[in-house]
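**Q** Quick note, the sequences are listed as chains A and B, same order. For the first sequence, my numbering assigns the number 458 to the last residue and increments by one with no breaks. For the second sequence, my numbering assigns the number 1640 to the last residue and increments by one with no breaks.
Heads up, some of the hints might be wrong.
[What the hints assert, rightly or not] Here are a few chain A residues that face chain B, going by a calculated C-beta distance under 10 Å: (1) Glu112; (2) Lys118; (3) Val134; (4) Asp192; (5) Gln448.
Hints listed in this document are in silico derivations from the structure and should not be mistaken for laboratory results. Quick caveat: nothing in here was measured; it's all calculated off a predicted structure. No residue lacks a Cβ here, since even glycine has one placed at the ideal position from N, Cα and C.
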Amino acid sequence: MNHDTIAAISTAMSSGGIGIIRISGEESFSITEQIFHSKNPEKRISDQPSYTVHYGNIYDGDELLDEVIVLLMKGPHSYTTEDTVEIDCHGGLFVLRRILETVIKNGARLAEPGEFTKRAFLGGRIDLSQAEAVMDLIQAENQSALECSVSQLKGSVSEKIKDFRNQILYETAFLESALDDPEHISLNGYADRLSGILKKLMIEITALLNTFDNGRIVREGIKTVILGKPNAGKSSLLNVLLGEERAIVTDIAGTTRDVLEEQLYLNGLNLNLFDTAGIRKTRDVVEQIGVEKAKERAQAADLILYVADSSRNLDESDEEILDLLKDKKAIVLLNKSDLASVVTEDMIRKKTEHPVISISVKEGYGLKELEEKIQELFFQGNISFREDLMITNIRHKNALEEAEKSLHMVWNSIEAGMPEDFYTIDLMDAYTSLGTILGEEAGEDLIQEIFGKFCMGK
Amino acid sequence: MNSKSVYKDKCQAAVVGAGHAGCEAALACARLGLKTIVFTVSIDSIALMPCNPNIGGTSKGHLVREIDALGGEMGKNIDRTFIQSKMLNVSKGPAVHSLRAQADKAEYSRSMRMVLENTENLSIVQAEVTDILTDGQKIVGLKTYSGAVYEAEAVILCTGTYLKARCIYGDVSSNTGPNGLQAANYLTDSLKALGIEMYRFKTGTPARIDKRSIDFSKMEEQFGDEKVIPFSFTTDPEDIQKEQASCWLTYTNEKTHEIIRGNLDRSPLYSGIIEGTGPRYCPSIEDKVVKFADKNRHQVFIEPEGLYTNEMYVGGMSSSLPEDVQHAMYSSVAGLEHVKIVRNAYAIEYDCIDPRQLLPTLEFRNISGLFSGGQFNGSSGYEEAAAQGLLAGINASMKILGKEQIILDRSQAYIGVLIDDLVTKENHEPYRMMTSRAEYRLLLRQDNADLRLTAIGYKAGLISEERYQSLLEKKEQIKKEIERVEHVNIGTGERVQELLKNAESTPLTSGTTLAELIRRPELNYELLAPLDTDRPELARGVAEQVNINIKYDGYIKRQLKQVEQFKKMEKKSIPKDFSYDNVPSLRTEARQKLERYRPLSIGQASRISGVSPADISVLLVYLEQQKRRRSVECAELKRE
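Okay, chain B solo, but in the shape it has when bound (with noise of 0.2 Å):
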C-alpha cells in the first residue's frame, strides 16, 4: 500500500478512555506489570463525574468496597477528596448499610489523574480512537484519528457516554460528550464492521447552579456522619475526619409540576426527538410528574460540586425540557425563587454495546483480546463502570500473561451479580446496581468485602503482600472471637441484670452465653463488653464480623446453603464450542437463546431468559451422554 507515513508505537495493553471504568482497568494492567496505554479524548477529563457529585450509595457502596478489596483505586481516590461521608441505612440490617460520598469533582478528578500520572508502564495519550484492528479473529491495536496505529495484545473498551453522543434539551441538540466535551464519533462503525450488535441508550441529568442564588433558609440541612468511615479497607479512619460540607432538602410542589405539565409538548422525549432508551431509576422530573401523577411534591436534593466552586447540583430534577422551561421550574421550588442556572440540565443519548456479546471475563466472545467495561456495556453509574474496568483490566491482564482468568459468581460479589446480569440477561436500559439484585445479600456485605475478595486480589497480583497476610491474621481473630463469645458463660447476678434492663431488655431467669445475649435485637457485642471480662483488644472491623456473624448466624447459615446448590449449578461447565443443534429435545426457544449467548456453565443457561427448567434437565443428561461417550471411547483407544 502507498499510503502516507503514520506514527506507530506499541503497548501490551490499550484502554480507550479515561473515565471510572478506564482508570481502573488502565491501572490494573499498568500494575500488573503491562505496558499499558489509556486514551482519553481530553486528558483534563480523566475520572470526570458528569452527573451526580458523589460515589457509592445502597448498593454502589458495596462496589466500592468490593473493588478496594480487590486492589482497585475508586475507594482510596473518595477516601482523598470526599468532602461529606454518611453511611447509609444504619437503622437497618448490616446487610443494606451502604456508604455514600460527596466527592469534590475537581479534586477527585485530579487526584485520580495524579495517581495515573504516576503509575509505572502506564502511559496517557490524549486522541480520539477510531478503529479497532484485528486480524479477523483477535485483536492487534488500535488507530486513531491522526492515523495513528498502535499494535496492542489486548484492547479495552471503556468509551462511557461518548460514542456517537449527542446533547439534548427542548428543540436544542448538540453532538458532543458529557458537558460540552468532544464526542467520539467513528468508533461506532468500526465495530459494526466487526460484528458487534449496538444499542442506543440514554440519560440524563440536572442543572447545576450558582450557590448564591439559594436561599437555604428555606431548607433542611443535611449533615454527614459524626464519625467518618472511610471506603478503602486501607484507609486508616483517623486519617479522613474533618469538617464536613452540608447537602440541602428541599420539595418540587403543585406549582413546579403545573409548569412541567404545561410544557410536556416541548419535552424531546414525549415529541420522539430522543430515541434512546432511559433508565427507569433515575427518571427525569418531567416522568416523574407523568408517572406518578398522584405525588404533590418530591425531594430536591442540593448538592455542592465542591469546595472551591459555586456550583450546585440539583438532585432529582433531571430534565430535557426547554432552557425557559427549565428555569420556570426550577424557580418554583422553595428557596430557589431567584435561582441562578449556571449549566442547564440535559438529556445525552450514546451508542453502547448488549453486554450478552461477552463473556463473563468481560472479553468479547467472538473476537479474542478485545475486552469492555462500563457505561459501554449498556450499565449506568461510576461505581459499576469502575467495577467492571477492573475486572477487564484484570482479565486482559490475566489472558496476556497466559494466567488464570478472574469470574465472580453471584455468591461471591456484587461485582459477580453486575457482570453475571449483564452478559446473561436481557436488559432495555442502562443497568444499575441494587441490593434487590443480589440473591445472596446477606452474605456479600460491604463490611466483609476485604473477607471475600482480597484473596483474590492478592493471587491476581494487585494486593501486597503485607495486606494480605494482616487480612489473614483478621481472618483468624475472627474465627478464634467466634468461638471465645460461644463459650462464655453469663449468670444471673445483679450485674447483668442491670445492664439488660439499661438495655431495656428481658432479664434472664437463668445462664447463657454471651452469643445468646449478643442475638438478641436490642443487644450487641459493643454493648456487652461490661459483662466480657476476658475480651481481647481487637480492631474495629473485627468486633463489626464478631457482631454480626453471631447476631445473624442463622440467617447467614440459610444462605450459606443455598450458595451450596448454587454452585454446583456453577460449576457444570458447557464447553465453548458445544453444538445445541445436537440435542434434538431441546424446544426451539431454548435451542435459540442457548446457541446465541452460549452460557459457559448450566447455572448461568438457567438464568437465561426462555430456557425452561426441562431444558436444563435435557443439557445435563446430553453432557452427561457426551462425557461417557468420550470416555469409552478412550477405553477403546486404549485398546487398540
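The shape of chain A in the complex, shown without the other chains (with noise of 0.2 Å):
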C-alpha cells in the first residue's frame, strides 16, 4: 500500500474558531516535531507514547501560527491504522489552512477525497460490512471535491494555466520529435529558447501563487496593527480611517480589554484593525501589561502602521518601535505634520526601509498615499489586484508548486549542461501537475501534439 503520509483538516470548513487537522501515514510523527514546538524544550514528539496529549505552539520556520493541542495515535491502534497525528486548533479557518500547508511544506501530502477512509478500510480498520459505504464515501467525497475544486477554479485562471500547458506541450512535443527524428529536425540553439520560456513561466507562476495570500487576505482581512507612542494619534487615526468609510463598520469585542479590533474596508481590501496602548517605559503593572500585549500583536500582524509624531523629538521608545518593525511589512506615518515639525521624513528614512508617509488625521491629507501604499504592499509584483485572477484552492496552490518545482529542474539540467533529452522528463511532469488543477490527466496529450504540430519524416 502507499505508505506516504497524508494530511487534511478533518473539520467541517466554517469559520468557528476550533478545528483538527489530521495527519496519517509513517511521516506524521517525525513531521509534527519539526512544526510543534512543546512548552518543554526537551520533548520530543517521535519519543511520545501512543495515546498521549500534547500542548505547545505550531511554527511555520520563525512564525508563530497557532496554540495548539497534539494527540498521538501510534499505528495499528489508529482509524487509519497508520501512525496518526491530530491538531486541534483554535485559532479559525485562516490559521487551519495555514498550517495545514506548513505540514505539507515539511513532507506530507494533501490527502485525496476519502482517503483517510480508504486507508482505514485497506488497514483492516473498517468492517467488511462497511465497504460499500467507504466506495460510495471515495466517489462522493471525490465528487465534490471536484466540484469544489472547479468551482472555486476562475475563468481567467483555468485560461491562464491552459495557456501554461499548451506551453509546456508544445516545447516538450518539439524536443520530443526532434528526439524521434534527428535528421528533419535539429535542436541547436533550443536550450538557450527553453531557458528563456522556462523564465518567463515561472516568473508567471510564482506571480500566480503568491495571490493565494492575496486570497486569504480578500477572504480572511489584513492583520493591520497600529502602534506609536502614547498620544501620537493612533486612536484619532483609527477614527478618521473609519469615518471615512462610514459603510460596513462592525465592532468585534476585542479578546483583550486594551487591543480593540475594527473592521474595514478600504478598495476592495479588508482590513482587520487592531489600536494598541502607547508604547513607553512605564512602570505601571497594568499599563505594562498593554505595552506587551501590542508587541505581541505587533508580532502576529500582516501590516503594521506605525504612527510617530512629528511634533516631538525622537526617543527610546520610538526606536524600540521601529525594531519590532523589522522583517514586518509596515508603513510609518508622520503624523501632526500640520504643526511645527520637529521630526522630518528624511530623519526616519534614515532609520527604516519602510516607506514613510506625512499625514494630518486633522486636516484628513496623507491618507490617499496610504491607502495606495497598503495596496501597494499586497498586491505588488507584475500581477495587478484583480479578484479573478487569483487562486484560492490549496490543491490548486500544491499543484502549482509541484510544476514550479519540476520547472525548476528543466532550468537546474539545462545549467548543468545535460542533453536535451534530460528535459523532457520533468517538462511532462509539470504538464501534470498543472493538469490536476483543471481536473485533466496527460493520457496521449503529448503523442497528439507531436503528430499535431510536428511534421515527422519518412
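Now that you have both chains on their own, put them together as the hints suggest.
**A** Encoded structure:
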C-alpha cells in the first residue's frame, strides 16, 4: 500500500474557531516534531507514547501560527491503522489552512478525497460490511472535491493554466520530435530558447502563487496593528479611517480589554484594525501588560501602521517600535505634520527601510497615499490585483508549486549542461501537475501534439 | 460428413505469415523445442521489407537490441546484411542513442530464410491460411486454401498487411498485398466468425527509382559511421567493419508542392476511395504539403535498396497520387529531373484487429491458444512486428510447455511499453514505437538491453548457458568498477589540471573523486583514463555502462524510485473472472471500459482511458473486501 504521509483539515470548513488537522502515515510523528514546539523544549514528539496529548505551539519556521493541542496515536491503533497525529487548533479557518500548508511543506501530501477512510479500510480497521459505504464515500467526496475545485477555479485562472500547459506541451513535443527524427529536426541553440521560456513561465507561476496569499487576505482580512507612543494620534487615525468609510464598520469585541479590533473595507481591501496601548517605558503594572500585548500583536500582524508624532523628538520608545517593524510589512505615518515638525521624513528614513508618509489626521491629508501604499504592499509584483486572477484553493496551490518545482529541475538540467532528452521528463511532470488543477490527465496529449504540430519524416 | 479426402498434418505451433513477426515467432517456437510450421503465401518473400530499406532508428533500434537480448534473430540478421550503419542522436543523452542500419533487402530476406530453413523442428509451408479451427473455446488447428487441415495446439497470427489487402494509387486499385503479392482474402471472415473485432488500417510507401537516372551532384551525400556498432550483443564488432554504401539527401520545393496541390482532387485519400486510417507519423507527401502548408520544402532521402540492384528508395515522399502526377512530382525534385520510376508509390489498406482483445501475453482473451503479433495487431514497422512475434512465440511455447508466460512491463523494456500500449490504449492508427512513449526511458536504453532482458531470455530457454554466464560476468565487472571509481581520489596535481584544461573543464581547487569528474558534462570515463592508473582492462560494453551509470546517477535513481511506485500497482492483480457489475460505486463509464478490456492488474486498469483515480480507489477497496471475505470463509471452513 502507499505509505506516504497524508494530511487534511478533518473538521467542517466553517468559520468556527476550532478545527482539527489530521496527519496519517509513517512520517506523521516526525513531521509534527518539526513544526510543533512544546512548552518543554526537551520533549520530542517521536519519543512520546501512543494516546498522549501535548500542549504547545505550531510554527512555520520562525513564525508562530497557533497555540494547539496535539494528540498522538501510533499504528495500528488509530483510525487509519497508521501512525496518526491530530492537531487541535483554535485560530480559525485561516490559521487552520496555514497549519495544513506548513504540514505539507514539511513532507506530507494533501489527502485525496476519502483517503483516510480508504486507508482505514485497507488497513483492516473498518468492518467488511461497511465496504460499500466506503466506496460510495470515495466517489462522493471525489465528486464534491472536483466540483469545489472547479467552482473555485476562476475563468481567467483556468485560461492562464491552460496557456502554461500549452506552452509546456508545445516545447516538449518539439523536443520529442527532434529526438525522434534527428535528421529532420535540429536542436541547435534550443537550450537557450527553452531557458527563456522557462524563466517566463516560472515568473508567471510564482506570481499566480503569490495571489494565494492575496486570496487569503481578501477572505480573511489584513491583520493591521497600529503602533505608536501614547498620544501620537493612533486612535484618531483609527477614527478617521473608520469615519471615512462609513459603510460596513463592525465592532468585534476584543479578546483583551486594551486591544480594540475594528474591520475596515478600503478599496476592496479588508483591514482588521487593532489599536494598541501606547508604547513607552512605564512602571505601571497594568499599563505594562498593555504594552506587552501590543508587542505580541505586532509580532502576529500582517501590517503595522506606526504612527510617529512629528512634533516631538524621537526617543528610545520610537527606537523600540522601529525594532518591532523589522521583517514586517509596515508603513511609518508621520502625524501632526500640520504642526511645526521637529521630526522629518528623512530622519525616519535613515532609521528604517519602510515607506514613510506624512499625514495629518486632523486635516485629513496623506490618507489617500496611505491607501495606495497598502495596496502596493499587498498586491505587489506584475500581477494587478484582480479578484478573478487569483488562486484560493490549496489543491491548486500545491499543483502550481509542484509544477514550478519541475520547471526548476528542467532549468537545473540546462544549467548543468545535460543533453536535451533530460528536459522532457520534468517538463511532462510540470504538465501533469498543472493538469490536476483543470482535472485533466496527460494521456496521449504529447503524442497528439507531436503529430499535430511537427512534420515527421519518412 | 461425406467430404472428399483432404491432406492432414499435425504440429504443435502454427505460425501464419513469415514476415518479421512470423519469423521471430516461428524461430522462438522451434528453438524452444516445439514442432512448428510457418505458413506463407510466398516462400520467396520471407522477411520481406516492403517499405523502407532499413532496420532500427530512434526507439526502433532499442526494440532490435531487446529482441536480440531475449534471443531473437533480427539483430543478428541485420548485422549480417547491412550496407550502411549509423548511431543516431549521439550528441544527446544515452537514452535516445539509436542504431539504424541500411539493409540489403534481398540479402536480408535470403539470410533470414536460410536461418528458418536450417532451424530444427521448423518447417515452411507455402499456402494461404483461410480458417482458424477451434472447439469453441480453444484452438485445434487451421485450414488452408486447398482444404488441408493442420492440427495445432497454438496458432500465432502474423498476417501483416495481407488480410484483404488493397493497393491504391490515383483511381487504380488492385486487391493484392505489398509488391503485388497475393493477398489473404478469406481469413478475415473466419476470424469474424470467431467473434474477433476487426479494424481497417492504411499505410503507404514511396516510389522506387532507377539509380542511373539520378543526378547525385545536386544532393548531399550521407555516410555511415566510421566505426560500426553491431545490433546484436553476440556480434563481434571487428567482424562487421566494411565499406559502406551512401545515402543521399535532397529536398522538395515550391514547384513540387504546386504539382501536389494542383492534383489533390485526384488523390484517393481526398476523394474518399481510401477508407483505412493512416499513420500520422508517416504521412504521405500530399499530407505533409496540406498539413504543413507553411513549410516550403521537405527533406527527401534517397536510399539504396541493396548492393546488387539499381533500385533506390525515395524516403519522405510516399504517395497515393496517380501515376502521371507521381512522375511530375518526383521529377520536380533537385537531382531527380530525369528520374525513371521502377515501382510506383502506393497506399495499402488491410484488415487488422483491435488489439485490446488480447492479453498482455498476446493471446486472445476469448480463444485459448490463439496468439497474434505484428501489423495484424495494429502496429507498424518491422521492428515492432518482430518484437511482438518473438513474445507471441515465446508465450505460445510456454503455454504448450506448461511454463510461466512472459509479460514485460513498462519499466523493463520498450517491448513492454509497446505491448501494454497496444492491449490497453485506444488506438486509431498503426502504432509506432517512440522514445516519448516510454516513461522510464533513462533506464530502457539500447546499451543495456542485455542487462535488462538476457536473464529473461535465458529462463525462457532462448539464450545459451555460455551467453548467460558471460552476462553475469559483465554485470559483476560493472558493479565492481563503479564501486572502484567512486573511491578513486583525484588530487590537484599538475597532470590533473593539464588534462582538465585540455578538455575545457574548470580546474580543481581541492581534491575530489574520479566519479565526480566523470559527472561533469564535458568529461567521461574514457577521457579520464590517464588519471586512473589502476584501471583494469575492461570490455567496451562494461566501460560504457560504468560511464553512463556514474554520469547520470541522480536521474537514474529518480527514475528507479518512480518505477518502485509503478511496480506496486502492477503487482496488484485483478482476478480473471472478476465481475465489475458487483462494484456498485464504479462510475458507469469506468465499469463499461473495465468490463470490456478486462485488465490483469490495477496498474493496467489505471491506464485505461475513462477510468479515474477515484475508480481505482474503489476497485482497491473492493478487492480488499473480497480478499477478507475469502479469508473469513476460510477460517469458518476450518472451524467446521
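**Q** Which of the listed hints are not met by the structure?
**A** The structure breaks only hint 4.
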